[in-house]
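Chemist: Protein chains in written order, with full-length UniProt numbering: chain A, 1 to 360; chain B, 1 to 360.
Keep in mind that a hint or two might mislead.
As a list, the in silico DSS-like pairs of lysine-lysine whose alpha-carbon atoms are at most 30 Å apart [claimed, not checked]:
{"#": "1", "chain 1": "B", "residue 1": "K47", "chain 2": "B", "residue 2": "K114"}
{"#": "2", "chain 1": "A", "residue 1": "K93", "chain 2": "B", "residue 2": "K47"}
{"#": "3", "chain 1": "B", "residue 1": "K114", "chain 2": "A", "residue 2": "K47"}
{"#": "4", "chain 1": "B", "residue 1": "K47", "chain 2": "A", "residue 2": "K47"}
{"#": "5", "chain 1": "A", "residue 1": "K93", "chain 2": "B", "residue 2": "K93"}
{"#": "6", "chain 1": "A", "residue 1": "K114", "chain 2": "B", "residue 2": "K114"}
Residues of chain A clear of chain B, computed beta-carbon distances all greater than 12 Å [to be verified]:
{"#": "7", "residue": "V26"}
{"#": "8", "residue": "A49"}
{"#": "9", "residue": "A102"}
{"#": "10", "residue": "G143"}
{"#": "11", "residue": "S195"}
{"#": "12", "residue": "E260"}
{"#": "13", "residue": "D273"}
{"#": "14", "residue": "I297"}
{"#": "15", "residue": "G322"}
{"#": "16", "residue": "E323"}
No wet-lab data here; the hints were simulated from the structure.
Note that the Cβ used here is the ideal one computed from N, Cα and C, for glycine as well.
Protein chains: 2
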Amino acid sequence: MDDRTRDHARTLVEWSARIEAGDNVVVEVGEGAHDLGVAVAEQLGEKGANLLATYRSPELQRAYLRAGDGAFDADPDYELALYERADSVLVLKGSNNTAGSADVSGDRRQAHSKARQAIREARLDTDWVSTQHPTRAMAQQAGMAYEAYRDFVYDATLRDWEALAEEQARLKDILDDGETVRIRNEGTDLTLDISGRRAVNSAASVAYDSHNLPSGEVFTAPADTAGVVTFDVPMTIQGRRVRDVKLTFKDGVVVDFEAEQGADVIQEVVETDGGSRRLGELGIGMNRGVDRVTDNILFDEKMGGTVHLALGRAYDACLPEGETGNDSAVHEDLITTMDEGSLLAVDGETVQEDGTFVWE
Amino acid sequence: MDDRTRDHARTLVEWSARIEAGDNVVVEVGEGAHDLGVAVAEQLGEKGANLLATYRSPELQRAYLRAGDGAFDADPDYELALYERADSVLVLKGSNNTAGSADVSGDRRQAHSKARQAIREARLDTDWVSTQHPTRAMAQQAGMAYEAYRDFVYDATLRDWEALAEEQARLKDILDDGETVRIRNEGTDLTLDISGRRAVNSAASVAYDSHNLPSGEVFTAPADTAGVVTFDVPMTIQGRRVRDVKLTFKDGVVVDFEAEQGADVIQEVVETDGGSRRLGELGIGMNRGVDRVTDNILFDEKMGGTVHLALGRAYDACLPEGETGNDSAVHEDLITTMDEGSLLAVDGETVQEDGTFVWE
Chain A
1 MDDRTRDHAR TLVEWSARIE AGDNVVVEVG EGAHDLGVAV AEQLGEKGAN
51 LLATYRSPEL QRAYLRAGDG AFDADPDYEL ALYERADSVL VLKGSNNTAG
101 SADVSGDRRQ AHSKARQAIR EARLDTDWVS TQHPTRAMAQ QAGMAYEAYR
151 DFVYDATLRD WEALAEEQAR LKDILDDGET VRIRNEGTDL TLDISGRRAV
201 NSAASVAYDS HNLPSGEVFT APADTAGVVT FDVPMTIQGR RVRDVKLTFK
251 DGVVVDFEAE QGADVIQEVV ETDGGSRRLG ELGIGMNRGV DRVTDNILFD
301 EKMGGTVHLA LGRAYDACLP EGETGNDSAV HEDLITTMDE GSLLAVDGET
351 VQEDGTFVWE
Chain B
1 MDDRTRDHAR TLVEWSARIE AGDNVVVEVG EGAHDLGVAV AEQLGEKGAN
51 LLATYRSPEL QRAYLRAGDG AFDADPDYEL ALYERADSVL VLKGSNNTAG
101 SADVSGDRRQ AHSKARQAIR EARLDTDWVS TQHPTRAMAQ QAGMAYEAYR
151 DFVYDATLRD WEALAEEQAR LKDILDDGET VRIRNEGTDL TLDISGRRAV
201 NSAASVAYDS HNLPSGEVFT APADTAGVVT FDVPMTIQGR RVRDVKLTFK
251 DGVVVDFEAE QGADVIQEVV ETDGGSRRLG ELGIGMNRGV DRVTDNILFD
301 EKMGGTVHLA LGRAYDACLP EGETGNDSAV HEDLITTMDE GSLLAVDGET
351 VQEDGTFVWE
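Extracted from the complex, chain A is given alone in its bound form (with noise of 0.2 Å):
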């Protein structure tokens, strides 16, 4: 085994989800994560945790999808009875084939999906933590050979996390202290208003109410937005890629959008509901071991130098007791790269220029 695999289970049990003896633990191990699911077993049986391995599968999820006639039973007890018992969740990511379940329809998996709110509610109230195992398939969505691929998910992941977090806290300060953020690069003038609003130190830990690893961003909820953004970085949404999105906004809603390529993905976001015309989340980017873009949204949002917005959603941790976001069934991340010209301010005292934070 990799000895960066065993420091990857580690870092994942001892940083990331905090185990404790007797917690009750479930794995779920991708096709393609055995080796990590190896690793973390182990540190399991160190730290004198319970065990339950579940086979996390895009294509037995497939076939159970496909095969029936889209009816499926609301919450089965015997699921539901296992993740209101459990601690903790670690989701153990890492796909033989990133397709491997595309030709199952929207229909099918929004009505499996539904089924089983409950299930993920109860998941959600676990200490859970989504983590990725670098595979050959997940290294061909990145473009990169599997040795380069296994040395980028390395650097992203096996951080000093604890140091990361202090520096992050810096930025939460100053958003939670801050009224109005200022975005400029190319393409890109942005005002969000953010007051009241309370930013989330993401350090790829569930004491920070931090659920993947790697993270390594500052994220909070805009209340209201205004001017012109460019996302340069490519994407895949939904399957189909765009590329130098444009969005325009005027109190707070989108109203008016283009794109080099998927501009059709982005009029069907923006036009889901009321929600998705409006900005959910602020995120700004600090993992520096993240130094490229690899279509893959776990990553690509915490590289260093880089700034995300999502339209839809907001979540409840930037929220203030009492104070509801903004709502939407859809919450899609759009990123925008923070280099040579550029300036990140809040209450008009720079942040970031030309990507460098002040404190670097």
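Got chain A; can you put chain B on it based on the hints?
Modeler: Then chain B, alone, in the frame of chain A:
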């Protein structure tokens, strides 16, 4: 996908486990049984049953068991709750390395096993079925090429089970009504008292109290045994090879034993406890699809033209209400070939001669 994999899944779901719409099904997918898992998921989707896939991995288990201090929580409630609410457990064996957990100590295994007694009972209370996907590791253990091994597995598994169940019913009736079984072949002349005992028509279906696919045997629990038996089929018992074991019985108890290979293993088995010196099972193999020994008890003991006897525990299904059978911590099967010159008779009537049943 090999068409036979789909047929295997259909046989498992329809004939063996009798899955119906709304059933809560746990599918335990072995490391090397992914393809069968996909085929089973498809069948469950067609039936409208619920699917939860767990991951059966000797490598995860090994890592977990070795890592800790050897103490395990008794029956973790999340896993117990899952199995208590499950209707069926489908175990899809199929290892990538049959020695994958060879270096876990017996003490560790036993400690973990003891801590999971209620979970094990909950699983046995479901309509569980154990089957096996042909992997290269299993082919290697059988000393066979992969393609040839797959043919072997599917020949053994994809039988006309309904017809075999009818044929086996004849033998069951004979054993149920009979009092004395006589077995004779080269090196064997054994008399077993089965009066009052009930035979099981093990036809690879929960509808027949049978939990193995393939099956294809009729078995009962002898009350008394006298004479000599030689087991010419080589076996692996507790990881060690045994060959040409010869047991001598008097008043139901082993009074002498020898073996060409592995006499020490037989000694350990016989000396385990009071019940391990007595027979718990007389089984008569009737699956003509199993035409060779593959060092896998799931197949070997079902081979048409063989008889197996087990030292140790008797199955409750063979005992009339209120009667207790032989009790022991072990149940070790040994197999003898019924070929040219052999005889199987019940109450003096010939049932099988030269390896062929009288009705064949």
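Chemist: Please go over all the hints and tell whether each is borne out by the structure.
Modeler: To see whether the hints hold, each was checked on the structure:
In summary, the hint linking K47/B to K114/B is not supported, as the alpha carbons are separated by about 36 Å, beyond the 30 Å threshold. Straight-line distance between C-alpha atoms of K93/A and K47/B comes to about 28 Å, which keeps the hinted pair within the 30 Å bound. Between K114/B and K47/A, the direct Cα distance comes to roughly 20 Å. Compliance with the 30 Å bound is thereby established for this hinted pair. Distance check on the hinted pair: K47/B and K47/A sit about 41 Å apart at the alpha-carbon level, beyond 30 Å; violated.
Among the hinted pairs, K93/A with K93/B is consistent with the structure: their alpha-carbon atoms are about 23 Å apart, no more than 30 Å. The straight-line distance between the Cα atoms of K114/A and K114/B is roughly 40 Å, outside the 30 Å bound, and the hint therefore fails. Against chain B, the non-interface label of V26/A is violated: not every CB pair exceeds 12 Å, the least being about 7 Å. Some Cβ of chain B comes within 12 Å of the Cβ of A49/A; the nearest lies about 9 Å off, and the non-interface call is violated.
For A102/A, the shortest C-beta to C-beta distance to chain B comes to about 15 Å, beyond the 12 Å cut-off, and the non-interface label holds. Under the 12 Å C-beta cut-off, the non-interface status given to G143/A relative to chain B holds; the minimum distance is some 27 Å. With a minimum CB-CB distance of about 43 Å to chain B, S195/A clears the 12 Å threshold, and the non-interface call stands. A cut-off of 12 Å between C-beta atoms confirms that E260/A is not in contact with chain B; the least separation is 39 Å.
The claim that D273/A lies off the interface holds: its Cβ sits roughly 30 Å from the closest Cβ of chain B, which is beyond the 12 Å cut-off. With a cut of 12 Å on Cβ distances, I297/A stays outside the contact zone with chain B, its closest approach being about 25 Å. For G322/A, the requirement that its beta carbon stay farther than 12 Å from each beta carbon of chain B is met, with the minimum near 34 Å. In this structure E323/A is separated from chain B by more than 12 Å, as the shortest Cβ-Cβ distance comes to about 35 Å.
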